[in-house]
Every structure is written in C-alpha cells, then in structure tokens.
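These protein sequence lines are chains H and W, in that order. If you count by our numbering, then the first sequence holds residues 1 to 281, one letter each, in order. If you count by our numbering, then the second sequence holds residues 1 to 321, one letter each, in order.
What the hints contain is simulated information worked out from the structure, not anything from laboratory work. Glycine included, C-beta positions come from ideal geometry on N, C-alpha and C. One thing to keep in mind: the hints can contain errors.
Claimed, not checked - Facing chain W, from chain H, some residues (calculated, C-beta under 7 Å):
| # | residue |
| --- | --- |
| 1 | G66 |
| 2 | D108 |
| 3 | N111 |
| 4 | N244 |
| 5 | P257 |
Unchecked claim - Lysine to any residue pairs mimicking SDA-like chemistry, simulated, CA-CA at most 20 Å apart:
| # | chain 1 | residue 1 | chain 2 | residue 2 |
| --- | --- | --- | --- | --- |
| 6 | W | K149 | H | A271 |
| 7 | W | K149 | H | M276 |
| 8 | W | K102 | H | I272 |
| 9 | H | K34 | W | K102 |
| 10 | H | K203 | H | T237 |
| 11 | W | K102 | H | I96 |
| 12 | W | K149 | W | L116 |
| 13 | W | K149 | H | I272 |
| 14 | H | K173 | H | M1 |
| 15 | W | K104 | H | N98 |
| 16 | W | K102 | H | A247 |
| 17 | H | K173 | H | T254 |
| 18 | W | K58 | H | A271 |
| 19 | W | K102 | H | D170 |
| 20 | W | K64 | H | D108 |
| 21 | W | K102 | H | N83 |
| 22 | W | K64 | W | N206 |
| 23 | W | K102 | H | M1 |
| 24 | W | K64 | W | W112 |
| 25 | H | K182 | H | D170 |
| 26 | W | K102 | W | W112 |
| 27 | W | K104 | H | N83 |
| 28 | W | K321 | H | A271 |
| 29 | W | K58 | H | A273 |
| 30 | W | K64 | H | G93 |
| 31 | W | K321 | H | G224 |
| 32 | W | K104 | H | T82 |
| 33 | W | K149 | H | G269 |
| 34 | W | K321 | H | S261 |
| 35 | W | K102 | H | T254 |
| 36 | W | K64 | W | L116 |
| 37 | W | K321 | H | I272 |
| 38 | W | K149 | H | L72 |
| 39 | H | K34 | W | N206 |
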Amino acid sequence: MATGFFTDTTLCIGCKACEVACKQWNELPSDGFKFTGDSYDNTSELSGTTWRHVAFIEQMSVDDGGLHDRWLMSSDVCKHCTNAGCMEACPTGAIIRNEFESVFIQPDVCNGCGYCVTSCPFGVVDLIEKFDPGGVRYNLASLVEARREEDKTALQGHGGVAGKCTLCYDRQKIGFEPACAKACPTQSIQFGDVDVLRDRARKRVETLTARGVSAELYGADDVGGGVGPLNAFFLLTDRPETYNLPAQPVLPSTRQPAGYSSAAIAALGLAIAGWMIFHNE
Amino acid sequence: MSDLLEPPGREESVPTPTYYDRPLLKMPHWDNWNVVTYLFLGGVMGGLGVIGVLADPKRESDRKLKRTLAVTSLVLAAANPAVLVTHLGRPERFLHMLRIAKFKSPMSMGVWGLVLYSGAASMSVARELALADVLPRWVRFLAPTLFGKLQALFGAFLMGYTGVLLSATANPLWSSGKRHIPVAFVCSSMSSACALSSLLSTLEGNSEVTHRLERLEMLTSTAELAALISFERQAGVYGNALFTGAKGDRLRTYTTRTGILAPLALNLLGAIVPLPKPVDAVRTVIASVLTLLGGYILRDTVVTAGRVSVNDPRVASVQPK
Numbered sequence: 001m002a003t004g005f006f007t008d009t010t011l012c013i014g015c016k017a018c019e020v021a022c023k024q025w026n027e028l029p030s031d032g033f034k035f036t037g038d039s040y041d042n043t044s045e046l047s048g049t050t051w052r053h054v055a056f057i058e059q060m061s062v063d064d065g066g067l068h069d070r071w072l073m074s075s076d077v078c079k080h081c082t083n084a085g086c087m088e089a090c091p092t093g094a095i096i097r098n099e100f101e102s103v104f105i106q107p108d109v110c111n112g113c114g115y116c117v118t119s120c121p122f123g124v125v126d127l128i129e130k131f132d133p134g135g136v137r138y139n140l141a142s143l144v145e146a147r148r149e150e151d152k153t154a155l156q157g158h159g160g161v162a163g164k165c166t167l168c169y170d171r172q173k174i175g176f177e178p179a180c181a182k183a184c185p186t187q188s189i190q191f192g193d194v195d196v197l198r199d200r201a202r203k204r205v206e207t208l209t210a211r212g213v214s215a216e217l218y219g220a221d222d223v224g225g226g227v228g229p230l231n232a233f234f235l236l237t238d239r240p241e242t243y244n245l246p247a248q249p250v251l252p253s254t255r256q257p258a259g260y261s262s263a264a265i266a267a268l269g270l271a272i273a274g275w276m277i278f279h280n281e
Numbered sequence: 001m002s003d004l005l006e007p008p009g010r011e012e013s014v015p016t017p018t019y020y021d022r023p024l025l026k027m028p029h030w031d032n033w034n035v036v037t038y039l040f041l042g043g044v045m046g047g048l049g050v051i052g053v054l055a056d057p058k059r060e061s062d063r064k065l066k067r068t069l070a071v072t073s074l075v076l077a078a079a080n081p082a083v084l085v086t087h088l089g090r091p092e093r094f095l096h097m098l099r100i101a102k103f104k105s106p107m108s109m110g111v112w113g114l115v116l117y118s119g120a121a122s123m124s125v126a127r128e129l130a131l132a133d134v135l136p137r138w139v140r141f142l143a144p145t146l147f148g149k150l151q152a153l154f155g156a157f158l159m160g161y162t163g164v165l166l167s168a169t170a171n172p173l174w175s176s177g178k179r180h181i182p183v184a185f186v187c188s189s190m191s192s193a194c195a196l197s198s199l200l201s202t203l204e205g206n207s208e209v210t211h212r213l214e215r216l217e218m219l220t221s222t223a224e225l226a227a228l229i230s231f232e233r234q235a236g237v238y239g240n241a242l243f244t245g246a247k248g249d250r251l252r253t254y255t256t257r258t259g260i261l262a263p264l265a266l267n268l269l270g271a272i273v274p275l276p277k278p279v280d281a282v283r284t285v286i287a288s289v290l291t292l293l294g295g296y297i298l299r300d301t302v303v304t305a306g307r308v309s310v311n312d313p314r315v316a317s318v319q320p321k
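Bound conformation, chain H alone (with noise of 0.2 Å):
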C-alpha cells in the first residue's frame, strides 16, 4: 500500500509542531538561529537536516474594497514522487522505494555524491554535510537490527550523506503514523493510504470552492515533466510558485535520451573526421 501526506494549507495555522516533532523524532541538529525577515519563516527551507518547513506568506492589497490580508502557510515536505528524479539519479542505490512506496535513502549506502541534491526538481534533498560527528546522528540506519551495530561505525566519519524526509519509516514498521502528523494540531498534515487521501483532498476542494474559496491540489494528479503523481501533495489556494513549489517540474532523466544521442553522434563525427586525417594522406 502507497502511504503518504495530504498537506492542506487551508487549515495550517504555522505553529511549527511539524518540523519541531519531525526533529525530535529523527534526532535531526539543530539548524541554528537565523533571523529572515520573511514573516515568521525562519526555518527558510527544507534541507538534509530539516525535513518538514512551514512556509509564511503575508499577502495585502489595497482596492477599492478596502484592504484585502491573507496569511498563507504551508508545511512543505518530500514529495516522495512516483518518478522520483533523486532516486533514479543515485549512483550506488542508497535511494530506495520501500514497502510503503516512499522513497528512502540508506544513510549506510549513501556515498556522498551529492547526485539526488541537483536532480530533485523540487529542491528537497540536501547533503548533510560532516555527518555525524560524535555518534549516531539518527535512527533510520538502524531498522534492520542486525545491522545496528555495524552501521553506527560505518556512519562515522563521513564526509556527508544525503538527508531527506523519510516518511517516518520507522514509525510506519510499528503501524505509526509519522512524527509530522502525529503533531499537527489542525489536521492540516493527514497522513494515510494515498488513494484514501486523494479522494479526500478533491472533496475538500469541492467544499472550499463551495465556499468561494479558490482552491488546487498539487501533486494529487501528475504534475507532468514525467513525474508523474506525488504521493505527498498539496491543497494550495494561489500560484505554487508563490509556496516555493515549481509550476512545471521535470524528471531529469527524461534529458537522457537527447543528451546521449547528440553525444553519440558528435563522437561519431569527430572519429570519422579523424579517421580521414589519419589515413588519407
């Protein structure tokens, strides 16, 4: 079964409880304290060491109606994606698809290239850099029991490891829910079977639209470029570029083919031309 998030702004109230609770659960260090300026959004972006971030958008307008305010947040996340372009681009295959259809990296694996980080077309995954400088950063390696002891050594020392949102694998072994939605006050991070929630999501709209509230899912359906559905989406109520969200992702590798064959056929050309100066003589 495809488990995953509904993330529904709508009823995000920006109390942080998610990326508090994803931390705390994911022994995740702490990112610093940095103040932004932009609203109450400190956290500023996901990153190998920050798995959940609520995303503050003050929106005023002046008109003729008088003033218009709405404050918009967001809890963004991995979008675990059908297609995903970090799991496809990861060069040792530390970057599964586990029993839960999301897409998990094997800290032990995960060499460090850095590869997932620009092939992610959301901008998720991050590497965390100087990994683990004292012992075991956090728990995700050591799902497999046997492998406990082994892997706390061969975490140390590393120069870096990709880091993302895990979908709370260990959690969802033991039949719970994530750190994420376990928190949330507000329901607005609802976690379940995909199919469940995707059928839920469009109700929901149907209902705020009712409402006279302009409403759109992202990800609940292919979000194209070849990525194909999400299995954590969104209820956005404006442009999603406007929640940092790209209008139009692309799978990376969907490149390949282009990329290849004018390669081949530059290759070909030079060794023909070569070949001309090296015997017609």
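Assemble the complex: chain H is given as a structure, and chain W must be docked to it using the hints.
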C-alpha cells in the same frame, strides 16, 4: 515592487511570484576542484582512447603515438578514481558505486565506463609492452587489438557522459543544455585529448604526428565553439548564469578566446607557414597548453555556474523539457 519581479537577465520572462526570492532548487555541491578535475580528466582520457584507434598502424610515427597514448590513458584512468575519492571523502565510498549498475543514472554508467576503460587501457599497455619486448611476446595474443577498439568505444562514452550527467539534472542552466552541453563536452574532450597528444608527441620528438593531431584539434575546437554559441542562443533566461556576469566573462576570456581561438590561430599558423622545427615545437606546446586550460575552465565554469543558476527561483519554476 516591479523590479523584484524582473529576472536579472537579458530577456524578460513572465513575472512569477517567488517565495522571498529564495532559491527553489538546491545548490550543487560540485564547486570544488575535485569534481571539475574528475570531469575534465575523464573526458581527456576518453579522447585519448579514441585517438588511439584513429592512428594509422602502418606509420612509425603513429605507432609511437599509440604507445604514448596507451601509457598516458592508463595513468589518467588510475588517477581519476583517486581524484573522485578526494571528493567523496573515503576510498570505500567509491566502491559503493560498484555495488550496482544503473542505466538511468549517468553517474553510475560513467563509473562503469571508467572501470571498463581502465581494463581495456591496461590490456593496451600490456600489448605495447609485449610489442616492445618488455613483456614476453606471447602476451600480445592475450591482449589483441580488440582491446584498443573497446578502449575507443568506452572512451567515446567517457567524452560525452559528463555532459549528459550535468544536463540530466533539475539545475536550470544544465538542464537547458540537454543537447549542447554533451556536444560541447565531447568536442572539448577531443580537442583537449588532441592537445595533450601533440604536447606529449612534441616533447618526445615525434613531431611528425603533431600536424595531423592539430588538424583534428582545429576541426574539433571549431565544433566546440559552434556548440557553445548555439547553446548561448537557445538557452535564453536559463543561460544567464553561464553567459552573463562574471561567469560569462570567464567563459569568454579563458575558454573562447584563450582556449579555442588562440590555439586555433596558432595551429592554423603551423599548418600554413613552414616554421623552423624548434619554433614549431614551441608553438605546439603553447597551443596545447592553452587548449587544455580552456577545456578545464569550460568544465569549471559550467559546473560552478550551475550554483549561480539556482539563485533565481523564477527560472527554476518552469523547468526545461
């Protein structure tokens, strides 16, 4: 407010809302010398393999060239994994890539291309050593010329796959050059390989072969220049990171002028005007070094400009097909 909505480039795109102008995509982690050197050396060694099969075995000068190429490409093939290890941090992390072969991942394919190339290059060296009576003569039956042909095949792959590796990402700049970057890298690899071959041949005193190498280099550099110009024309806003600002100046100064046009002029001079031998040797050395430098700067600029290109969330929103 309106100036915030305009992209910082030559062409205007549809005003797009952004999230506090924060990057939509992640920065590549490949701004270091390690990765650039890995991409550059991989291309050069690939080109050496191809030149090895082009050389005419009926000529003494070409046989000598083949010997030089075999040894040089094996040295590069041995050095390149070491360069990659300096990027990954620990040697066993390179081995993680050998646990699977994945057709969808150009990086996985590239590593296997490198491994297979190294194998073929080792056999070519064994053959050369057998022909030179360093190894027993029967060794050449174990290492037939087939390995030279395989080396050329894997080499052709190595020349271009790094371009595919970059363009098959979500990076706005790289992905906009899905045809141009691979072609430019193939050409640059070949011209750098020609330059390295003529440099080594000149230093060995095998100057007879350099003029043919330089002819191929001139042709290849011209194709490279055409690929870069065509890339600039079609890339639009996606190409701003590479073709404007400091990166653009760097590319034009070091790759276009110093790395392509200057060696082209020097090689043309050598082809037209009969120069005295010592002068001609100096000319070849200068032209070769400039071409190699240009090839390295091309990789470096394209790779580091990828970091610049993610700074603009507007071009990352609608991704090139």
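Verification of the hints:
no.	hint	in the structure
1	G66	violated (20 Å)
2	D108	violated (9 Å)
3	N111	holds (4 Å)
4	N244	holds (4 Å)
5	P257	violated (9 Å)
6	K149(W) x A271(H)	holds (12 Å)
7	K149(W) x M276(H)	holds (17 Å)
8	K102(W) x I272(H)	violated (30 Å)
9	K34(H) x K102(W)	violated (41 Å)
10	K203(H) x T237(H)	holds (15 Å)
11	K102(W) x I96(H)	holds (13 Å)
12	K149(W) x L116(W)	holds (12 Å)
13	K149(W) x I272(H)	holds (14 Å)
14	K173(H) x M1(H)	holds (13 Å)
15	K104(W) x N98(H)	holds (19 Å)
16	K102(W) x A247(H)	violated (29 Å)
17	K173(H) x T254(H)	violated (33 Å)
18	K58(W) x A271(H)	holds (18 Å)
19	K102(W) x D170(H)	violated (27 Å)
20	K64(W) x D108(H)	violated (47 Å)
21	K102(W) x N83(H)	holds (15 Å)
22	K64(W) x N206(W)	holds (8 Å)
23	K102(W) x M1(H)	violated (26 Å)
24	K64(W) x W112(W)	violated (29 Å)
25	K182(H) x D170(H)	holds (14 Å)
26	K102(W) x W112(W)	holds (9 Å)
27	K104(W) x N83(H)	holds (12 Å)
28	K321(W) x A271(H)	violated (30 Å)
29	K58(W) x A273(H)	holds (19 Å)
30	K64(W) x G93(H)	violated (43 Å)
31	K321(W) x G224(H)	holds (10 Å)
32	K104(W) x T82(H)	holds (15 Å)
33	K149(W) x G269(H)	holds (17 Å)
34	K321(W) x S261(H)	holds (16 Å)
35	K102(W) x T254(H)	holds (15 Å)
36	K64(W) x L116(W)	violated (24 Å)
37	K321(W) x I272(H)	violated (31 Å)
38	K149(W) x L72(H)	violated (62 Å)
39	K34(H) x N206(W)	violated (63 Å)
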